[in-house]
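Chain order of the listed sequences is W, L and C. Take the position in the first sequence, starting the count at 1, then add 110; the result is the number in the numbering used here. Take the position in the second sequence, starting the count at 1, then add 107; the result is the number in the numbering used here. Take the position in the third sequence, starting the count at 1, then add 57; the result is the number in the numbering used here.
No lab work stands behind these hints: they were computed from the structure. Fair warning: there could be bad hints in the mix.
One side only, chain W facing chain C, incomplete, derived with CB under 7 Å [unchecked claim]:
1) M209
2) E217
3) Y226
4) F267
5) G354
Over 10 Å on every C-beta distance to chain L, these chain W residues come out as not near it, computed from the model [unchecked claim]:
6) E189
7) P190
8) L222
9) Q237
10) T238
11) P255
12) R265
13) K271
14) E294
Short, incomplete list of chain W residues facing chain C, as computed with Cβ under 8 Å [what the hints assert, rightly or not]:
15) G206
16) A213
17) R233
18) E303
Don't be surprised by glycine CBs; every beta carbon is placed ideally from N, CA and C.
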Amino acid sequence: MAGPADRVEACLQPTDEVLAGARPSDEVKAGVRPPGEREVDRREFLEQALKAGLGVPILLGVIRIQDLVAGDAGQEGYEPGEHYYGMGVDVGRCIGCGMCAQACKTENDVPLEPHYFNTWIERYVIQTDGAVVVDSPNGGMDGFPGAQSEGEIQRTFFVPKLCNHCEDAPCVQVCPVGATFTTEDGVVLVDEEYCIGCSYCIQACPYGARWFHPEKHVAAKCTFCYHRLVEGLVPACVEVCPTGARVFGEVEHRATPLARFMRLNEIQVLKPHLNTKPRVYYANLDGEVR
Amino acid sequence: MQGYIYPNEFELHWGLLVVLYPYITGLVAGAFILASLERVFNVKEVQPTYRLALLTALAFLLVAPLPLLAHLGHPLRSYEIFLTPNRKSAMAMFGFVYAWYLTVVLLLEIWFEYRKDLVLWARSERGPKKWLHYALTLGATDLSEEALRFDDNAGRWITIIGIPSAFLLHGYVGFIFGSVKANPWWSSVLMPVVFLFSAIVSGIALVLFIYVAASLFRSKPVDMRCADKLAAFLFYAMIVDFSLEMLDFIHRLYESEESIEILSQLIQGPLFISLIVLQVVLGTLVPLIALGVVSPALSDRGVSRTPAELRRLIYLACATLVQIGIFSIRWNVVLGGQLFSKSLRGLTVYKPLLFGTEGLLMASVLLFLPLVILWLLVKVLPPWLDAEATE
Amino acid sequence: MPQQVPRLAVLFAVLVVGFVVARESLVPDTFGDVGHYRAAAVTSIAAREKSYAGHRECADCHDEIAEQRLASHHSGVACEVCHGPGAAHSEYPDEVELPAPRERGFCPLCHRYDPSRPTGFPQIEPVAHNPLEPCMSCHDPHAPEPPEVPEECGACHGQISRLKTVSHHVTLDCTTCHATEEQHKITPRLVRPGKPVDRGFCGTCHDEDADSQADIPRIDLATHGEDYQCWQCHYPHYPETG
Numbered sequence: 111m112a113g114p115a116d117r118v119e120a121c122l123q124p125t126d127e128v129l130a131g132a133r134p135s136d137e138v139k140a141g142v143r144p145p146g147e148r149e150v151d152r153r154e155f156l157e158q159a160l161k162a163g164l165g166v167p168i169l170l171g172v173i174r175i176q177d178l179v180a181g182d183a184g185q186e187g188y189e190p191g192e193h194y195y196g197m198g199v200d201v202g203r204c205i206g207c208g209m210c211a212q213a214c215k216t217e218n219d220v221p222l223e224p225h226y227f228n229t230w231i232e233r234y235v236i237q238t239d240g241a242v243v244v245d246s247p248n249g250g251m252d253g254f255p256g257a258q259s260e261g262e263i264q265r266t267f268f269v270p271k272l273c274n275h276c277e278d279a280p281c282v283q284v285c286p287v288g289a290t291f292t293t294e295d296g297v298v299l300v301d302e303e304y305c306i307g308c309s310y311c312i313q314a315c316p317y318g319a320r321w322f323h324p325e326k327h328v329a330a331k332c333t334f335c336y337h338r339l340v341e342g343l344v345p346a347c348v349e350v351c352p353t354g355a356r357v358f359g360e361v362e363h364r365a366t367p368l369a370r371f372m373r374l375n376e377i378q379v380l381k382p383h384l385n386t387k388p389r390v391y392y393a394n395l396d397g398e399v400r
Numbered sequence: 108m109q110g111y112i113y114p115n116e117f118e119l120h121w122g123l124l125v126v127l128y129p130y131i132t133g134l135v136a137g138a139f140i141l142a143s144l145e146r147v148f149n150v151k152e153v154q155p156t157y158r159l160a161l162l163t164a165l166a167f168l169l170v171a172p173l174p175l176l177a178h179l180g181h182p183l184r185s186y187e188i189f190l191t192p193n194r195k196s197a198m199a200m201f202g203f204v205y206a207w208y209l210t211v212v213l214l215l216e217i218w219f220e221y222r223k224d225l226v227l228w229a230r231s232e233r234g235p236k237k238w239l240h241y242a243l244t245l246g247a248t249d250l251s252e253e254a255l256r257f258d259d260n261a262g263r264w265i266t267i268i269g270i271p272s273a274f275l276l277h278g279y280v281g282f283i284f285g286s287v288k289a290n291p292w293w294s295s296v297l298m299p300v301v302f303l304f305s306a307i308v309s310g311i312a313l314v315l316f317i318y319v320a321a322s323l324f325r326s327k328p329v330d331m332r333c334a335d336k337l338a339a340f341l342f343y344a345m346i347v348d349f350s351l352e353m354l355d356f357i358h359r360l361y362e363s364e365e366s367i368e369i370l371s372q373l374i375q376g377p378l379f380i381s382l383i384v385l386q387v388v389l390g391t392l393v394p395l396i397a398l399g400v401v402s403p404a405l406s407d408r409g410v411s412r413t414p415a416e417l418r419r420l421i422y423l424a425c426a427t428l429v430q431i432g433i434f435s436i437r438w439n440v441v442l443g444g445q446l447f448s449k450s451l452r453g454l455t456v457y458k459p460l461l462f463g464t465e466g467l468l469m470a471s472v473l474l475f476l477p478l479v480i481l482w483l484l485v486k487v488l489p490p491w492l493d494a495e496a497t498e
Numbered sequence: 058m059p060q061q062v063p064r065l066a067v068l069f070a071v072l073v074v075g076f077v078v079a080r081e082s083l084v085p086d087t088f089g090d091v092g093h094y095r096a097a098a099v100t101s102i103a104a105r106e107k108s109y110a111g112h113r114e115c116a117d118c119h120d121e122i123a124e125q126r127l128a129s130h131h132s133g134v135a136c137e138v139c140h141g142p143g144a145a146h147s148e149y150p151d152e153v154e155l156p157a158p159r160e161r162g163f164c165p166l167c168h169r170y171d172p173s174r175p176t177g178f179p180q181i182e183p184v185a186h187n188p189l190e191p192c193m194s195c196h197d198p199h200a201p202e203p204p205e206v207p208e209e210c211g212a213c214h215g216q217i218s219r220l221k222t223v224s225h226h227v228t229l230d231c232t233t234c235h236a237t238e239e240q241h242k243i244t245p246r247l248v249r250p251g252k253p254v255d256r257g258f259c260g261t262c263h264d265e266d267a268d269s270q271a272d273i274p275r276i277d278l279a280t281h282g283e284d285y286q287c288w289q290c291h292y293p294h295y296p297e298t299g
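Just need the whole structure built from these sequences, with the hints factored in.
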């Protein structure tokens, strides 16, 4: 009924998989370095150090001192070129609690009125007669009342939605002035001091992920909580997801929660025929989801 | 509202003002292409409307960017489109296409066309009008045969550049919509072509209307050879335009992509009045039949002979219906494309406001404004044959 | 050269020069430094204040609770899921206090039964489950364990058990078909419940010759459904009537 039995118990157990979703990866943290310092530089240094026959304890000490220097590193030490972010969403784990949508509004100062969402949750009910009923009352922030009786349901599930931070983002393509753009680390942002408010990007987004800020009169959207990323934290929605349905990490590095997520699941993206190359990857996605 | 729409789709972002923009630029491009007919293809019959068509195009072109500016969230930042145009954006070229068309095509052509008259008016007049006309000559007062021939040649070349430019101006507006792959109602390779031909239709209808109405208003005889020719052109342009639209419609229906279900709900629901009734029946079929019967489009004297007075009225009525139809086309494209969810699972509604920058009142002001500007232009640069200065 | 040309040339030169000068002075400083955008915009977006501190920051002071939570079923539930955004508290621990929801309404946000939730996720019906009793009187949110191992499979498999109650199989216990070790209730993924393996199992009730109640639908096991297993067509938790 609700999908493969395997997705079931995943939510019950304190496994590493669940943890991985809610933890800022060590990789993210390790990537925070002072500007100018390159991984290659460090590797060369280590090789030279080895050649010079330094003892292991000293070597470890050097690394630790370096890490401390790079340290808790706010954005000063952040090197965007060394990251490339993406998010994984496991539909089979979403319980529709709405914590992500709530946290997003708090973290990003999104108006509380019901029609502005960086992220929201949809409920799909595919009935035995084949009809598909979708809803998202207040973006799922207040939960999902009014469930149907089990007898009419063929399958049903929740789907978290957000900006897909597409590699070939239509919104970035159409912005006439360069007020919306993709950063080096793969995040699509809006420059609210430069946006002229033409709304073309909102029209161009196939996912309905953009909205028009009622007070600032500019386009607005999910930033992957960019201000958190530069501090080595994960986006607020990922932080508060209680079941690990959201996984955050680097697209191209091997040892991150996202890489593991993509290794262990069959991955789909939304509206692949539009060739936007989303960087939000879905596992256990139903074909009815649009 | 019915079915499911994405939460952010609750607000419509392009309202009535964005409907006005393609409508007005369409009139500009259409009026200009009509003017070019006379110049490049030497259609003598429509000569009485040549200057009128140019001034009409200018009056509407001056107003065209206003609805866009008014709808922007930050109109004062609009200059950025000139500073840092995003070369990948269809919309970024707007400023340049507009500036090119306004300065290089329209103003230059009008200047070369009117220069001789400006000089002569400036010589014979007194007071501020003299100085105004003199200033407009830019001091180029040489009326030698050689200079006048240069005017004529330059005007001709600009018209030749101008026709593709007019195609560009409006085809480009169509491309802004047609290239949005996220929106199945807009996304169509035919969109720029349909925009272009509907623009020609609306431009011819507008000039026909203004010419006949202004002649009646000025108590001057209507040159029926000219009006007939315009009506025939209108008929031909409408045939092409309607065929293209039907092609688009049949193509969508035959391909039946995943959006077909929601789009057919759209046509049968919120767009029924504006699409089926206004655009197709009243705006296209009725005038098409009327023009086919009374204008010389199908046979030299019309399928059914009608007295000139009646024909004039029929032309006026047809031109009005065509304008309503073309306005409906713009409405159906711009608003229709936002009345269904990109989830393809629901429909939403558009409620036009009366007041405010996006309201009905503002829209009527912006529609009326070009006529005021045209009236002013006609005062300064009379386009009537009888006003042409003689030495 | 005709008189018109130099006049127009001057006019256009003024326009073009004016445009170029305006462009030079008006384009923002950092525009184009990285891509076709204002690089300064990234800096100002990166400098926004955060509201959620992140669970690691919480663990700096509340290390015992953090450790307890990490070893529990709530290991994936970050502190701020229940206690709300804590950046202000982390900066001014004494001035800003965070809420600790104790009322019965809170836990059901996640644990109220909802058919759309993945089956296997622990869910209760708040109206029926120990009415009026605060959740915390039985469950410690930092280390939630049921006070006793649940008797009913429905505690986690709510959707299946509810569906079964409206089906013809209502009277069957889960264990009739699924032989289940007690350990499954403690480490559900490591010890899986059993499942019937062949047609014969269903035949014990549904075969023509089966020794079972008279009103149970019968089939000829030898010919019915060729070589399919029963559950390849019928859903045992909600077998069709027709």
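These are the hints, each one checked on the structure:
no., hint, verdict
1, M209, "6 Å, holds"
2, E217, "5 Å, holds"
3, Y226, "17 Å, violated"
4, F267, "6 Å, holds"
5, G354, "5 Å, holds"
6, E189, "26 Å, holds"
7, P190, "21 Å, holds"
8, L222, "13 Å, holds"
9, Q237, "14 Å, holds"
10, T238, "19 Å, holds"
11, P255, "16 Å, holds"
12, R265, "17 Å, holds"
13, K271, "8 Å, violated"
14, E294, "18 Å, holds"
15, G206, "6 Å, holds"
16, A213, "6 Å, holds"
17, R233, "5 Å, holds"
18, E303, "7 Å, holds"
Of the numbered hints given earlier, the model fails hints 3 and 13; all others are met.
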